[in-house]
Amino acid sequence: MIDINFIRQNPEKVKEGIAKKNTDPKLVEKFLRLDEAWRSKTAALDQLKAEQNILNKELSKARSEDLVSKAQIIKRRVTEIVAERNKQEEKRDEILNQLPNPPFEDVPVGKSEADNKVLREVGEKPKFKFQVKDYLTIGESLNLINVKKAAEVTSSRFGYLLGDAAILEFALVQLAMETAVKEGFLPVVPPVMIRPEVFTGMGRLASSQKDERYFLSKDNLYLVGSAEHTLGPLHMNEVLEVETLPRRYVGFSTCFRREAGSYGKDTKGILRVHQFDKIEMFSFANPKDSEKEHEFMLGIQEKLMKALELPYRVVAISTGDMGWTDARQYDIETWLPGQNNYRETHSCSNTTDFQSRGINAKYRDKNSDKKYVHMLNGTAFAIGRIIIAILENYQNEDGTVRVPKALQDYLGKKVIGKN
RNA sequence: GGAAGCGUGCCAGAGUGGUUGAAUGGGCCGCACUCGAAAUGCGGUAUGCCCCAAAAGGGCAUCGGAGGUUCGAAUCCUCCCGCUUCCGCCA
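Numbered by my numbering, the letters in the first sequence go through residues 1 to 419 in order.
Treat the hints with care, as some may be off.
[Stated by the list, open to error] Straight-line Cα separation of at most 30 Å, DSBU-like style, residue types lysine-lysine; simulated pairs:
#1 Lys117 <-> Lys288
#2 Lys127 <-> Lys292
#3 Lys210 <-> Lys26
#4 Lys288 <-> Lys362
#5 Lys15 <-> Lys91
#6 Lys91 <-> Lys210
#7 Lys111 <-> Lys26
#8 Lys13 <-> Lys292
#9 Lys30 <-> Lys15
#10 Lys418 <-> Lys133
#11 Lys268 <-> Lys306
#12 Lys117 <-> Lys133
#13 Lys125 <-> Lys405
#14 Lys306 <-> Lys265
#15 Lys111 <-> Lys15
#16 Lys125 <-> Lys182
#17 Lys268 <-> Lys418
#18 Lys91 <-> Lys26
#19 Lys30 <-> Lys371
#20 Lys61 <-> Lys75
#21 Lys268 <-> Lys13
#22 Lys127 <-> Lys413
#23 Lys49 <-> Lys148
#24 Lys127 <-> Lys265
#25 Lys91 <-> Lys41
#26 Lys30 <-> Lys91
#27 Lys41 <-> Lys303
#28 Lys210 <-> Lys362
#29 Lys41 <-> Lys13
#30 Lys30 <-> Lys61
[Unchecked claim] Cβ pair distances, simulated, as ranges:
#31 Lys371 <-> Val82: 28 to 34 Å
#32 Gln9 <-> Asn360: 40 to 46 Å
#33 Glu309 <-> Lys418: 18 to 24 Å
#34 Ala83 <-> Tyr263: 38 to 44 Å
Honestly, the hints are just simulated from the structure, not real lab data.
The structure displayed is predicted, hence computed values, not measured ones.
Glycine included, C-beta positions come from ideal geometry on N, C-alpha and C.
Let the hints inform the model, and build the full structure from the sequences given.
In structure tokens form, the structure reads like this:
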């Protein structure tokens, strides 16, 4: 969530910031009105409580019926005002929950993904002397992917990874983990379920994101949409020593997404599914270094893409297309010959103190003041989509698929589909 | 799933209705002593919020969480969460 004091002191900045993110700036006015009402209720309550405390102290010395009846009257008033104040607070916080993290000043302003800015294209797009196939055609013919059976067994937007595709998954896990560990990330297998309060703190139940989550009502738990969601709370309610920053983690988890509102979009295959596995990097950084840390994480993502020798481009996400919690976001889009297009495979975000405030993750600086850390997250590999990219970019005319050099040792072969 | 116990500040640990934000010890920080250190002594050592232009100052809240009883709750009651132990089940 945004710092309440920041909104009070810089309402115009906040309005401008959230407007860029396609959020109604009038919400700020609404927030300030409700906040003002909350403050006056709080002041009234505090004053009444002070009176009550004085009376109670006198009563603790000597009981008198007169004082008791006075205190009883105050008690009734307190009960009333507490109820009013709480109601006011609820209303105010509901609006606060509708305010996304304002973007940094230099983020490209735009309404949608059409306004994203391509920063660079890297790698050579493969040239084919034959009719290229899409990954699903290749995957089905080599019995690597089965979505039809998954639909029968589970439902649409699920898939089986079979044979070398399954092996490929673990190879990608190994490659990503080894690379991240070398850069100082601690490997983690985090929980994939999360409490509603913690999820809210991470800013992941705000607004329409809620529709994106699977909820287990019997246990009052949500399924995570990314390892990010349970990696962040690893330092919930903690104060980290400044010299231990940045703290870096790389997590493997299954990701669950309802894909609400994407009906009709990418309905075929496994590009957009309800369940996939992902390796995710996460960093807790000193605020003064978080932009640098962001670039560092992006650098690792590119390193991984270069290791796989897949053509990609780096995109600065425009304000209108950014994530709810993000002050800056980069995506990596990988070239998919079967679609003749770049498609998102990675995302990397600096959420500044938006999430750390929600989960109360602080650090102690040199003056031993406690401040909120900055939290960053970035994809190492969204495994399903990388498998798609490999199948399409490394396809041969005879229907087989070459294995990227970096993965050959893990698979123990150079070509998939050859007898 | 059944039964029992427990949950206090950075840590250990007292406190079972009345000036308790909370004894005591440890840790940490500052000062004194010392050439320096240790030891010792003295002082300090939470967070959030509100009022105040700010500072100074004042007030409110917080003893796992949410409610309740009461003039008054760390202390009593209810529910929830967590931890421990035993039984059952289980990869």
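Here is how each hint holds up against the structure:
In summary, the hint linking lysine 117 to lysine 288 is supported, as the alpha carbons are separated by about 25 Å, within the 30 Å threshold. A hinted pair counts as satisfied when its Cα atoms are at most 30 Å apart, and lysine 127 with lysine 292 does not qualify at roughly 36 Å. Pair hint lysine 210 plus lysine 26 holds up; C-alpha atoms about 22 Å apart against a cutoff of 30 Å. Our distance criterion of 30 Å between C-alpha atoms is met by lysine 288 and lysine 362, whose separation comes to about 14 Å.
Only pairs whose Cα atoms come within 30 Å are accepted, and lysine 15 paired with lysine 91 is accepted, the gap being roughly 19 Å. Among the hinted pairs, lysine 91 with lysine 210 is consistent with the structure: their alpha-carbon atoms are about 19 Å apart, no more than 30 Å. Between lysine 111 and lysine 26 the CA atoms are separated by roughly 18 Å; this keeps the pair inside 30 Å, and the hint holds. With a CA separation close to 24 Å, the supplied pair lysine 13 and lysine 292 stays within the 30 Å bound.
For the suggested pair lysine 30 and lysine 15, the alpha carbons sit about 11 Å apart, so the restraint of at most 30 Å is met. For the suggested pair lysine 418 and lysine 133, the alpha carbons sit about 17 Å apart, so the restraint of at most 30 Å is met. Of the supplied pair hints, the one linking lysine 268 and lysine 306 holds, its CA atoms being roughly 28 Å apart against a limit of 30 Å. The hinted pair formed by lysine 117 and lysine 133 meets the criterion: a straight-line CA distance of about 29 Å does not exceed 30 Å.
Of the pairs offered as hints, the one joining lysine 125 and lysine 405 holds, with about 17 Å between alpha carbons and a cut-off of 30 Å not exceeded. About 29 Å separates the Cα atoms of lysine 306 and lysine 265, which keeps this hinted pair within 30 Å; it holds. At most 30 Å may separate the alpha-carbon atoms for a hinted pair to count; lysine 111 and lysine 15 meet this at roughly 16 Å. For the proposed pair lysine 125 and lysine 182, the alpha carbon gap of about 29 Å is at most 30 Å, so the pair holds.
Restraint check: the Cα-Cα separation between lysine 268 and lysine 418 comes to about 26 Å, which is no more than 30 Å; the hinted pair holds. For the hint linking lysine 91 to lysine 26, the alpha-carbon distance of about 15 Å falls within 30 Å, and the restraint holds. Taking the CA atoms of lysine 30 and lysine 371, the gap is near 28 Å; set against the 30 Å cutoff, the hint holds. For the suggested pair lysine 61 and lysine 75, the alpha carbons sit about 19 Å apart, so the restraint of at most 30 Å is met.
The hinted pair formed by lysine 268 and lysine 13 fails the criterion: a straight-line CA distance of about 43 Å is larger than 30 Å. With a C-alpha separation of about 23 Å, the suggested pair lysine 127 and lysine 413 falls inside the 30 Å cut-off, and the hint holds. Between the alpha carbons of lysine 49 and lysine 148 the distance comes to roughly 66 Å, so the proposed pair goes past 30 Å and is violated. Among the hinted pairs, lysine 127 with lysine 265 is consistent with the structure: their alpha-carbon atoms are about 28 Å apart, no more than 30 Å.
The hinted pair formed by lysine 91 and lysine 41 meets the criterion: a straight-line CA distance of about 13 Å does not exceed 30 Å. Distance check on the hinted pair: lysine 30 and lysine 91 sit about 10 Å apart at the alpha-carbon level, within 30 Å; holds. Restraint check for lysine 41 and lysine 303: the C-alpha separation of about 55 Å exceeds 30 Å, so the hint is violated. Using a Cα cut-off of 30 Å, the hinted pair lysine 210 and lysine 362 holds, with the two alpha carbons roughly 26 Å apart.
Between the alpha carbons of lysine 41 and lysine 13 the distance comes to roughly 27 Å, so the proposed pair stays at or under 30 Å and holds. Between lysine 30 and lysine 61 the alpha-carbon distance is near 47 Å, which puts this suggested pair outside the 30 Å criterion. Separated by about 31 Å at the C-beta atoms, lysine 371 and valine 82 satisfy the suggested range of 28 to 34 Å. For glutamine 9 and asparagine 360, the hinted distance range of 40 to 46 Å is not satisfied, since their beta carbons lie about 22 Å from each other.
In this structure the supplied range 18 to 24 Å holds for glutamate 309 paired with lysine 418, their Cβ-Cβ distance being about 20 Å. Checked against the given bound of 38 to 44 Å, the beta carbons of alanine 83 and tyrosine 263, roughly 43 Å apart, stay inside it.
Hints 2, 21, 23, 27, 30, 32, counting from the list given before, are not met by this structure.
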